[in-house]
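Undergrad: The listed protein sequences derive, respectively, from chains A and B.
Residue 1 is where the first sequence starts when you use the numbering used here, and the numbers rise one by one after that.
Residue 530 is where the second sequence starts when you use the numbering used here, and the numbers rise one by one after that.
Since the hints were derived computationally from the structure, they do not count as laboratory data.
Treat the hints with care, as some may be off.
[What the hints assert, rightly or not] Straight-line Cα separation of at most 20 Å, SDA-like style, residue types lysine to any residue; simulated pairs:
id : chain 1 : residue 1 : chain 2 : residue 2
1  : A       : K137      : A       : R48
2  : A       : K342      : B       : K552
3  : B       : K552      : A       : K248
4  : B       : K552      : A       : Q98
5  : A       : K372      : B       : F805
6  : A       : K137      : A       : Q98
[Claimed, not checked] To spell it out: a stretch of chain A is covered by chain B in this simulated footprint if at least three of its residues, at any positions, have a beta carbon under 8 Å from a beta carbon of chain B; those stretches are:
id : segment
7  : 71-85
8  : 122-133
9  : 145-151
10 : 238-250
11 : 404-411
[What the hints assert, rightly or not] So these bits of chain A aren't anywhere near chain B, every CB distance computed over 12 Å:
id : residue
12 : A116
13 : E378
14 : R489
The structure displayed is predicted, hence computed values, not measured ones.
Backbone N, C-alpha and C fix where the C-beta goes; we use that ideal spot for every residue, glycine too.
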Amino acid sequence: MTQGYLALILHAHLPFVRHPEHAQFLEERWLFEALTECYIPLLLRWERLAEEGIPFRLTCSLSPTLLSMLTDELLQTRYLAHLQRLIELSERELARTQHEPVFHRLAQLYHEQFTAALHFFETRCQRDLTRAFRALKDAGYLELIACGATHAYLPLFALYPPAIRAQIAVGVMTHRRLFGDSPHGLWLPECGYHPEQDALLREYDIQYVITDAHALLFGTPRPQYGVYAPVACPSGVVAFGRDPESSKSVWSATEGYPGDPVYRDFYRDVGFDLEYDYVRPYLDGDGQRVSTGVKYYRITGPTPHKEPYVPERATERAAVHAGNFLFSRQRQADYLSRVMGKPPIIVSPYDAELFGHWWFEGPEWLEVLLRKIARAPETIQLITPHEFLTQHTQPQVLTPALSSWGYQGYSEMWLCAENAWIYRHLHHATARMIASATAHRAANGHVARALTQMARELLLAQSSDWPFMLKTGTFASYATRRVTEHLDRFTRLAEQVQRQQVDEQWLTWLEATDGVFPELDYHLYADAH
Amino acid sequence: MSPRRKTRLAMKQQLQAAVETTKRYVQARRARRALPPSPAVLPPPPAPAKRRVTASAKSPTVRRVRLAPSQRPPRRSTRFLGTARPVSRSKRLEPITPFAQRSARAPKVPSSWAPAAPAVLPQRYGLTTLVLLVRDPWWLYAYWEVTPTQLAAVSKQLGPAEPRAPLVLRLYDVTGQPLAGERPQGITAAIAHASRWLDVELPPEADNWFVDTGVAHRTWVAELGYRTTSGRWVAIVRSNVVTTPRAGPSETRDAAWPVTDEAYWKLVGVSYGLGFGTSSLEIRQLLEQRFREFVSSARGSFGDPTAPAHTTTHT
Chain A
1 MTQGYLALIL HAHLPFVRHP EHAQFLEERW LFEALTECYI PLLLRWERLA EEGIPFRLTC
61 SLSPTLLSML TDELLQTRYL AHLQRLIELS ERELARTQHE PVFHRLAQLY HEQFTAALHF
121 FETRCQRDLT RAFRALKDAG YLELIACGAT HAYLPLFALY PPAIRAQIAV GVMTHRRLFG
181 DSPHGLWLPE CGYHPEQDAL LREYDIQYVI TDAHALLFGT PRPQYGVYAP VACPSGVVAF
241 GRDPESSKSV WSATEGYPGD PVYRDFYRDV GFDLEYDYVR PYLDGDGQRV STGVKYYRIT
301 GPTPHKEPYV PERATERAAV HAGNFLFSRQ RQADYLSRVM GKPPIIVSPY DAELFGHWWF
361 EGPEWLEVLL RKIARAPETI QLITPHEFLT QHTQPQVLTP ALSSWGYQGY SEMWLCAENA
421 WIYRHLHHAT ARMIASATAH RAANGHVARA LTQMARELLL AQSSDWPFML KTGTFASYAT
481 RRVTEHLDRF TRLAEQVQRQ QVDEQWLTWL EATDGVFPEL DYHLYADAH
Chain B
530 MSPRRKTRLA MKQQLQAAVE TTKRYVQARR ARRALPPSPA VLPPPPAPAK RRVTASAKSP
590 TVRRVRLAPS QRPPRRSTRF LGTARPVSRS KRLEPITPFA QRSARAPKVP SSWAPAAPAV
650 LPQRYGLTTL VLLVRDPWWL YAYWEVTPTQ LAAVSKQLGP AEPRAPLVLR LYDVTGQPLA
710 GERPQGITAA IAHASRWLDV ELPPEADNWF VDTGVAHRTW VAELGYRTTS GRWVAIVRSN
770 VVTTPRAGPS ETRDAAWPVT DEAYWKLVGV SYGLGFGTSS LEIRQLLEQR FREFVSSARG
830 SFGDPTAPAH TTTHT
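Produce the complete structure using the sequences and hints provided.
TA: If you want it as structure tokens, here you go:
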């Protein structure tokens with residue numbers, strides 16, 4: 001009998017970025033960096049734990065756009081080339097730093113990391129990382145859950161239930177295709193919960209979703225156990241509320257672990273520091289200085305002067321932080337089990353990219369945490385939301401409040417002065433998609449293909465990444481281009497469908513370029529009546 | 530000078546010469562290999578100008594959104610791609626060349642399907658619409674389009690003698706009203722019994738607006754129209770119905786799941802790191818304070834539906 005349960009949930013998502021029309025493309029680096037720094041290191045560590053027989057349970061959500069990129073041949077080939085360039089860079093760095101032991105050690109570390117990544121990617125996974133995820137899931141270590149098709153922020157599309165249905169359906173279908181079974185849970189993008197949308201989840205046998213804390217705390221009626229027990233929405237879908245306290249220690253820039261002075265600094269990268277001609281082959285094709293992933297300095301403090309990174313100290317600190325995290329959860333569970341009269345479930349969801357990319361020592365921290373928890377099962381036990389539901393009685397019924405885990409807790413991040421302009425266009429396209437699908441229910445041949453491609457373009461335009469980028473200001477021009485291009489392609493296709501004259505060659509090119517979700521069916525958008 | 534001293538001096542000079550030769554040799558080797566100096570001796574690269582992300586008042590049609598105060602809540606605020614990365618104190622941003630310039634310079638794979646000019650979204654769709662979206666418990670966002678034919682029809686209704694009336698966005702609070710499945714007659718009846726309405730006067734070319742309603746957890750429906758000097762309201766188009774979310778705990782309790790105020794606030798306190806054993810009253814006060822600081826426009830205390838708004842309110 002344990003004092004409390006801990007549900008660690010990692011949400012992995014990247015927007016669909018694939019540009020076959022350019023030999024190299026800056027934004028494709030997001031995928032390559034995430035592979036090299038997050039997904040491969042995490043998978044390597046989890047496999048090592050599995051080989052040693054250390055029990056652990058994690059929940060992982062992989063968004064359909066990320067899954068599409070992981071299984072795409074062109075991107076796999078480009079990633080291999082990227083990794084080979086990184087290995088070459090690390091070899092040159094080894095040669096350059098041979099007279100400086102401190103930096104030489106780090107160059108050695110990166111060389112080992114990149115060659116291990118290459119071996120894992122090429123040999124173990126045969127270039128398809130979904131195999132590794134699936135193997136861990138089948139062995140019982142990971143629970144994989146679905147996510148919205150293109151990670152659209154659903155509350156702002158509440159006017160169009162067929163669009164919500166399509167996002168959910170494609171997420172579930174992609175999961176079924178790649179992992180062989182129906183997902184028990186669905187990751188609501190940005191934890192964006194809208195009270196009228198959970199009924200649609202029931203149609204796809206989704207058992208549970210994750211919401212932010214105030215969805216439950218401000219729910220109607222009041223929750224009896226705060227966020228420490230799940231609740232059932234009137235439709236039957238169960239909502240697990242995030243515990244802000246456990247999130248803060250990992251996410252917070254000021255109070256959290258990642259800001260510790262001995263951890264690696266994200267900004268001092270050789271791509272910016274070293275002589276241009278030396279690093280030119282390893283930068284973007286355009287020649288712009290970018291992060292390569294080889295970084296030699298630690299955070300040191302709130303000062304522009306950075307000291308060299310010392311891996312041993314960082315590893316020690318990660319272990320201390322893992323112990324601290326576990327201790328805090330044990331205290332929390334101890335107190336809550338006495339107040340509640342039963343073991344609480346502490347839900348801690350994080351973006352997977354935090355571990356390894358923003359926070360280099362994140363995967364080490366997570367591994368140490370999993371080992372420590374395995375040694376003390378009577379205090380805290382790792383569990384997945386699905387397992388919790390099978391073991392525990394009917395939850396309290398309440399209607400959670402509309403909420404998200406984004407800035408300010410509601411929809412402001414995706415609806416503000418910088419990005420509000422996209423919604424009139426997105427809504428118009430959504431309404432037009434519903435109308436076209438309803439009017440052409442019996443279409444076949446090129447028209448049916450065109451309608452399906454219209455649905456793809458619409459899904460890609462609805463991604464929450466575009467308004468996010470517009471709000472933060474980074475890659476804003478890329479985000480604008482993506483929204484505009486997808487909607488423009490959509491409109492041209494819609495006009496062709498209306499005229500019943502589809503340009504087949506252009507359609508074939510579009511299907512190859514924006515070729516996501518092969519099982520997508522435009523009838524998802526057709527009105528029920 | 531004694532012979533021994535001469536020898537010592539000669540040896541010293543030879544040694545110095547040898548050191549100099551070695552130094553020159555090492556420098557020459559380095560120069561031949563054309564390696565850059567080690568990072569330890571490089572000056573830090575110049576920090577590019579910080580990109581300030583502020584609410585844009587560039588477009589006269591978009592109302593300036595009130596920014597939240599600088600004190601950010603301890604919640605995640607980044608994505609993989611964002612600027613506000615949580616891990617480092619040094620806030621240098623890498624300079625990102627605008628996409629159009631990079632795209633022009635990047636080597637391209639030839640394709641006959643690449644468009645000659647970048648795509649542009651249309652200004653208008655030729656349909657009269659008014660849509661309300663919920664941003665948070667207090668703020669709504671409205672966008673609209675009015676076709677010229679619709680405008681002409683409404684102008685006739687206003688009458689030729691009527692001076693140009695201002696365009697007004699009117700929001701009706703229809704909380705608690707039966708809406709008869711959102712059929713037009715049901716909504717008209719609800720509007721007639723609205724507990725309050727807000728009028729927002731708009732500049733002539735506006736096509737979208739952020740509205741601060743000042744109260745949380747209400748149901749709203751909007752109309753765009755003209756308000757004549759005599760106070761007559763001529764509506765052009767009506768919006769969808771939206772309900773803003775709660776900004777505090779519900780007063781409804783479930784008898785089957787009894788939770789006292791005390792217990793509720795204790796559990797909330799654990800969630801927000803306010804310690805174990807702090808009194809529930811203290812927790813409630815601390816959290817109300819924190820909510821007021823970091824939510825965009827907190828009004829009154831938790832869940833108070835009767836606090837006043839900023840725009841002209843009629844009740």
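Undergrad: Take the hints in turn and mark each one as holding or not.
TA: Consistency of the hints with the structure:
no., hint, result
1, A:K137 to A:R48, "holds (15 Å)"
2, A:K342 to B:K552, "violated (74 Å)"
3, B:K552 to A:K248, "violated (54 Å)"
4, B:K552 to A:Q98, "holds (18 Å)"
5, A:K372 to B:F805, "violated (24 Å)"
6, A:K137 to A:Q98, "violated (43 Å)"
7, 71-85, "violated (count 0)"
8, 122-133, "violated (count 0)"
9, 145-151, "violated (count 0)"
10, 238-250, "holds (count 5)"
11, 404-411, "holds (count 7)"
12, A116, "holds (22 Å)"
13, E378, "holds (20 Å)"
14, R489, "violated (8 Å)"
Checked against the numbered hints above, the structure breaks hints 2, 3, 5, 6, 7, 8, 9 and 14 and satisfies the rest.
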